[in-house]
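Peer 1: Okay, here's what each chain looks like letter by letter:
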Amino acid sequence: SQQGEEDPQALSIQEGENATMNCSYKTSINNLQWYRQNSGRGLVHLILIRSNEREKHSGRLRVTLDTSKKSSSLLITASRAADTASYFCATDARSGTYKYIFGTGTRLKVLA
Amino acid sequence: DAGVIQSPRHEVTEMGQEVTLRCKPISGHDYLFWYRQTMMRGLELLIYFNNNVPIDDSGMPEDRFSAKMPNASFSTLKIQPSEPRDSAVYFCASSAGRTVGYTFGSGTRLTVV
Numbered sequence: 001s002q003q004g005e006e007d008p009q010a011l012s013i014q015e016g017e018n019a020t021m022n023c024s025y026k027t028s029i030n031n032l033q034w035y036r037q038n039s040g041r042g043l044v045h046l047i048l049i050r051s052n053e054r055e056k057h058s059g060r061l062r063v064t065l066d067t068s069k070k071s072s073s074l075l076i077t078a079s080r081a082a083d084t085a086s087y088f089c090a091t092d093a094r095s096g097t098y099k100y101i102f103g104t105g106t107r108l109k110v111l112a
Numbered sequence: 113d114a115g116v117i118q119s120p121r122h123e124v125t126e127m128g129q130e131v132t133l134r135c136k137p138i139s140g141h142d143y144l145f146w147y148r149q150t151m152m153r154g155l156e157l158l159i160y161f162n163n164n165v166p167i168d169d170s171g172m173p174e175d176r177f178s179a180k181m182p183n184a185s186f187s188t189l190k191i192q193p194s195e196p197r198d199s200a201v202y203f204c205a206s207s208a209g210r211t212v213g214y215t216f217g218s219g220t221r222l223t224v225v
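Going down the list, the protein sequences come from chains A and B.
Straight run, no breaks: the first sequence in the numbering used here ends on number 112.
Straight run, no breaks: the second sequence in the numbering used here ends on number 225.
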């Protein structure tokens, strides 16, 4: 079963605009991660945020986490055509075993 | 480091045949994961290992699937016999621990006809 669900399913923006993707999950977590997947390729790790953190930055990426709402958001600022990809959140439920369950993904298209 | 290496990149086989997918994790990573990705079901965790020991195989679809990790540098996922519904992209990933991200391989695209 999938723990996380991304919203929107698809997003199309112009180069230079900001892109925001949201992730909601069902059970309490230890950590949440965001990954990028270019078409036909493997997933690339972007950011990990722990349950006791509220915000994290990496370059043009900003991730927020609201554990009370069981949700996270990924913001990509000043988007580029190269940001075109699918973005997934992944959560490890606070159940003992170490395994990340991936959400359904957001397909981002950045138009040049 | 060359990253997580999977082979083959593509596999086309006939229904009923045995299929073996291979993975070489990053040296020093204690965790190894096998995922399957399809349009319908997204990314599904099949099984994961810690220090070569299978920890959770609850995602393995059925007895036709088996995975092994005979040493820290090699893992296999075997499907016997294969069926058309097994067609998917199979990813291997490794990790150094719970608070760091996974490194994924490029995947094996399996087509069972």
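Mixed in with the good hints, there may be bad ones.
Chain A is faced by these chain B residues, among others (derived, beta-carbon under 10 Å) [claimed, not checked]: (1) Gly115; (2) Val116; (3) His141; (4) Tyr143; (5) Gly154; (6) Tyr160; (7) Ile167; (8) Glu174; (9) Asp175; (10) Phe177; (11) Phe186; (12) Ser199; (13) Arg210; (14) Thr211; (15) Tyr214; (16) Thr223.
Hints listed in this document are in silico derivations from the structure and should not be mistaken for laboratory results.
Note that this is a predicted model, so its numbers are computed, not measured.
Think of the CB as a built atom: it goes at the ideal place given N, C-alpha and C, for glycine as much as any other residue.
Peer 1: What hint numbers does the structure not satisfy?
Peer 2: Violated hints (numbers, rising): 3, 8, 9, 10, 11, 12 and 16; every other hint is consistent with the structure.
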